[in-house]
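> These protein sequence lines map, in sequence, to chains A and B. Under numbering that gives the first Met the number 0, the first residue of the first sequence carries the number 0, and numbering increases by one thereafter. Under numbering that gives the first Met the number 0, the first residue of the second sequence carries the number 0, and numbering increases by one thereafter.
Watch out, some of these pointers could steer you wrong.
Said to hold, decoys possible - In silico SDA-like pairs for lysine to any residue, Cα to Cα no more than 25 Å straight-line: (1) A:K144 / B:A109; (2) B:K117 / A:Y73; (3) B:K35 / A:R10.
It is worth saying that the hints were derived from the structure and are not from the lab.
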Amino acid sequence: MDECEQGSRFREWHRRHRGIILRIARANASLIPDQEDLIQEILLQLWHSIPNFEGKCKESSWVYRVALNTAITYGRREKRLRERTLMMASDLHILKETSQPRNEKLEWLYEQIRGFDPINRSLLLLHLDGLSYQEIAEILGISEKNVGVKLSRLRQILTQKANDDEL
Amino acid sequence: MNFEDLKVIWDTENERPAFTLDEEALSRAVVRRAEKFRRQIFWRDWREIGVALILVVVFLWQGITSIGKAGGEVTLLGWSHFITALACAFVAGFIRISVQRQKAREASHADSIEGNLKKLSSHLSLQIRLLNSVGWWYLLPLLPGGILFIAVTSEDGAEFWGRSLFVLLLFGGILWLNLWVAGRHLLPQLQEVAWLLATLENHGEQVASAVPSPRPETESTVRGISRFLLVALILTGIGWFVFLVLPDGDASLEPAVGSRPVSESGYAKVAPFSGVRWEGDQVIVRLGKDWRRLVSIDGIPTDRIMAFAREEFGDRARKRFGEDLPELLAKMGHDPAWEVMLELATGDGTTESLKTKMTKQNRDLVRDQGIE
Numbered sequence: 000m001d002e003c004e005q006g007s008r009f010r011e012w013h014r015r016h017r018g019i020i021l022r023i024a025r026a027n028a029s030l031i032p033d034q035e036d037l038i039q040e041i042l043l044q045l046w047h048s049i050p051n052f053e054g055k056c057k058e059s060s061w062v063y064r065v066a067l068n069t070a071i072t073y074g075r076r077e078k079r080l081r082e083r084t085l086m087m088a089s090d091l092h093i094l095k096e097t098s099q100p101r102n103e104k105l106e107w108l109y110e111q112i113r114g115f116d117p118i119n120r121s122l123l124l125l126h127l128d129g130l131s132y133q134e135i136a137e138i139l140g141i142s143e144k145n146v147g148v149k150l151s152r153l154r155q156i157l158t159q160k161a162n163d164d165e166l
Numbered sequence: 000m001n002f003e004d005l006k007v008i009w010d011t012e013n014e015r016p017a018f019t020l021d022e023e024a025l026s027r028a029v030v031r032r033a034e035k036f037r038r039q040i041f042w043r044d045w046r047e048i049g050v051a052l053i054l055v056v057v058f059l060w061q062g063i064t065s066i067g068k069a070g071g072e073v074t075l076l077g078w079s080h081f082i083t084a085l086a087c088a089f090v091a092g093f094i095r096i097s098v099q100r101q102k103a104r105e106a107s108h109a110d111s112i113e114g115n116l117k118k119l120s121s122h123l124s125l126q127i128r129l130l131n132s133v134g135w136w137y138l139l140p141l142l143p144g145g146i147l148f149i150a151v152t153s154e155d156g157a158e159f160w161g162r163s164l165f166v167l168l169l170f171g172g173i174l175w176l177n178l179w180v181a182g183r184h185l186l187p188q189l190q191e192v193a194w195l196l197a198t199l200e201n202h203g204e205q206v207a208s209a210v211p212s213p214r215p216e217t218e219s220t221v222r223g224i225s226r227f228l229l230v231a232l233i234l235t236g237i238g239w240f241v242f243l244v245l246p247d248g249d250a251s252l253e254p255a256v257g258s259r260p261v262s263e264s265g266y267a268k269v270a271p272f273s274g275v276r277w278e279g280d281q282v283i284v285r286l287g288k289d290w291r292r293l294v295s296i297d298g299i300p301t302d303r304i305m306a307f308a309r310e311e312f313g314d315r316a317r318k319r320f321g322e323d324l325p326e327l328l329a330k331m332g333h334d335p336a337w338e339v340m341l342e343l344a345t346g347d348g349t350t351e352s353l354k355t356k357m358t359k360q361n362r363d364l365v366r367d368q369g370i371e
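Modelling step: build the complete structure from the supplied sequences, incorporating the hints.
Below is the structure:
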């Protein structure tokens, strides 16, 4: 695959799946600079992964895998990334706030998701994004049954928290 | 509120996103990072192989040069260079093969998040193993050549042990640093990945928040360093034996066709006579079984040589004359060949010239004489 083809596919994936990337970044980092840095990291990994995509799975599943893998390892490198972000912050502001009013309930939900460990965070994200158990199992590499058990517990915890906080 | 209500809240993110991406800035950043990444990979590969190859070439060149100086003979100094070149090639090959084998191992993992975590775990395990065993695959191969070099170039036992201990301490320090990095930085990362894998694979039970210790791959630092130093000391002992067998050190300076006793490598420890004594200011040398008065060497009067030696070396003039004649002549501006012309006094008051070969054996005999 030449660089031109890679670039064109990258732009296409970026356009189609930027929502996924944005949500994963927001669910894994609370500060805007960290989110920006994570987005860049995810897109960089996505760029490198393009030649390996053989079309055996759905394009969106591939994007989820790459993005979640990057986000899971992000925590380990958060400090280093933050230092780098601070260095680059002067000329890079890739997140633009829209005119939409701030949704407090959504902010609460993101905050709760960030409170889970990276694995459960990924599970919740995929579930909230509406992926089937089978798709989630394929992305995570575990059995559907395991997905079901974990999600049932996570749904319970999250609902309980929502009720406790009178959302 | 139930989970479906939360799902409705979540979906508002798609319908009315609070943030959007500045695509142009992002594209610039990704291209820049991709370029930086390519450069990093290029330099990493170059560092791994390039530096080792340069060292291999440098040591091979040193070894080949020493053969030239020794007239085609591979001396111990030459061997020390060749052994070090071989060690550098081994280290480069070991790193390369380890990385290649690791890549093959990692390729066998599935493209899922679980597969990625297993890849990461395998990668970290390899890094820890490499750091923990750095004494065996990196430092130890470099030691024989280094100790041999010290043995053949040291002037005396104190210098041999001083230099050897410095090398052992340096290598011990490098080993300690590697063990420290493995235990302090990489092992916690491996534990974290192991915990993530456990969280992924368990069926709903709460995984203990305390990270479970994975297989204890890190040897205790003290035990690791002690083992390495023990083997290193044995090698140093072998080097000491070589040093004792070759008490004059540099074996590359043996007389040989095409070379000179005075070269860039130093001064040959050779002499044209097997003994020397003084009668007043007169120098009497032993040639074979006979003691003869030495009048000149290569046309340079003996009294001039001794005057220069006294000026240059003071009280050690006689010792240096007997044991370091090539150096003495070189400092007087004369470049002697392996064979020198000795002018010797005869019984009838005349002199005779005798072309005599300077040998290490002669010089050893002079040294054993113990000139003060």
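> Holds or violated: K117 (chain B) with Y73 (chain A), Cα cutoff 25 Å?
Judged against 25 Å, a Cα distance of about 16 Å means the pair holds.
> Decide if the proposed pair is consistent with the structure: K35 (chain B) and R10 (chain A), CA atoms, cutoff 25 Å inclusive.
Between K35 (chain B) and R10 (chain A) the Cα gap is close to 20 Å, so the pair holds against 25 Å.
> When you check the alpha-carbon spacing of K144 (chain A) and A109 (chain B), does it fall within 25 Å?
holds (19 Å)
In summary, this structure violates none of the numbered hints.
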